[in-house]
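Model the full structure from these sequences, guided by the hints.
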Amino acid sequence: MKWHIDAKQPIYLQLIRQIERAILSGEYAPGEKLPPVRELAADASVNPNTMQRALGQLEQVGLVYAKRTLGRFVTEDAELIASLKEKVAREMIADFLRRMREMGITSEEAAEMIRSYGAASEIEREEYHHE
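Residue numbering for the sequence shown follows my numbering, starting at 1 and increasing by one per position.
Incorrect hints may have been included.
Stated by the list, open to error - Quick list of in silico lysine-lysine cross-link-like pairs, DSSO-like style, CA-CA up to 27 Å: (1) LYS33 to LYS2; (2) LYS33 to LYS67; (3) LYS67 to LYS8; (4) LYS33 to LYS8; (5) LYS2 to LYS67; (6) LYS85 to LYS8; (7) LYS87 to LYS33; (8) LYS87 to LYS2; (9) LYS8 to LYS87.
Bear in mind the hints are in silico, worked out from the structure with no lab data behind them.
Written as structure tokens, this is what we have:
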């Protein structure tokens with residue numbers, strides 16, 4: 001897993017979001033054993049206590065669970081994962097629309113841009129990206 005840590009935000013919150021996204025994207029599959037805390041912390045270049053705190057928060061919401069001596073595992077609760085996917089997607093959409101409004105673009109205009117971008121060929125998308 002590739003980690004992106006920004007010094008401007010609390011590290012444990014960034015870890016929570018990144019592990020959550022890895023689970024929601026399927027990078028960590030339902031029922032899969034997560035690497036040990038020390039390994040995750042070393043990979044992310046953070047203190048193991050900070051990683052432990054992040055994993056504890058993910059346990060509280062049920063996204064991961066601990067088996068006493070075996071480690072932590074990703075939930076197998078498909079409904080929870082689907083519901084969190086929708087929640088995260090809605091948050092991303094709300095943030096996107098807020099940014100569009102800041103540029104004077106209405107929700108309808110943004111939706112049309114998304115439709116036309118989605119209908120564009122891969123080559124055209126590259127051109128959009130580089131403009």
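### Query
Between LYS67 and LYS8, does the CA-CA distance stay at or below 27 Å?
The hint is violated at about 34 Å.
### Query
Within a Cα-Cα threshold of 27 Å, do LYS85 and LYS8 meet the stated pairing?
Holds, because 25 Å separates the two Cα atoms, which is no more than 27 Å.
### Query
Taking only the CA atoms, is the gap from LYS87 to LYS2 under or equal to 27 Å?
23 Å, holds
### Query
Between LYS33 and LYS67, does the CA-CA distance stay at or below 27 Å?
Cα-Cα ~10 Å, so holds.
### Message
Please verify whether LYS8 and LYS87 have alpha carbons no more than 27 Å apart.
### Response
24 Å, holds
#### Entry: Proposed proximity, LYS2 with LYS33 (alpha carbon, max 27 Å)
18 Å, holds
### Query
Regarding the pair LYS33 and LYS8, is the alpha-carbon distance no greater than 27 Å?
30 Å, violated
### Query
Does the structure keep LYS2 and LYS67 at a Cα separation of 27 Å or less?
Since the Cα atoms of LYS2 and LYS67 sit roughly 25 Å apart, the hinted pair holds (cutoff 27 Å).
### Hint consistency between LYS87 and LYS33 [alpha-carbon to alpha-carbon, up to 27 Å]
Since the Cα atoms of LYS87 and LYS33 sit roughly 24 Å apart, the hinted pair holds (cutoff 27 Å).
Of the numbered hints stated above, those contradicted by the structure are hints 3 and 4, listed in ascending order.
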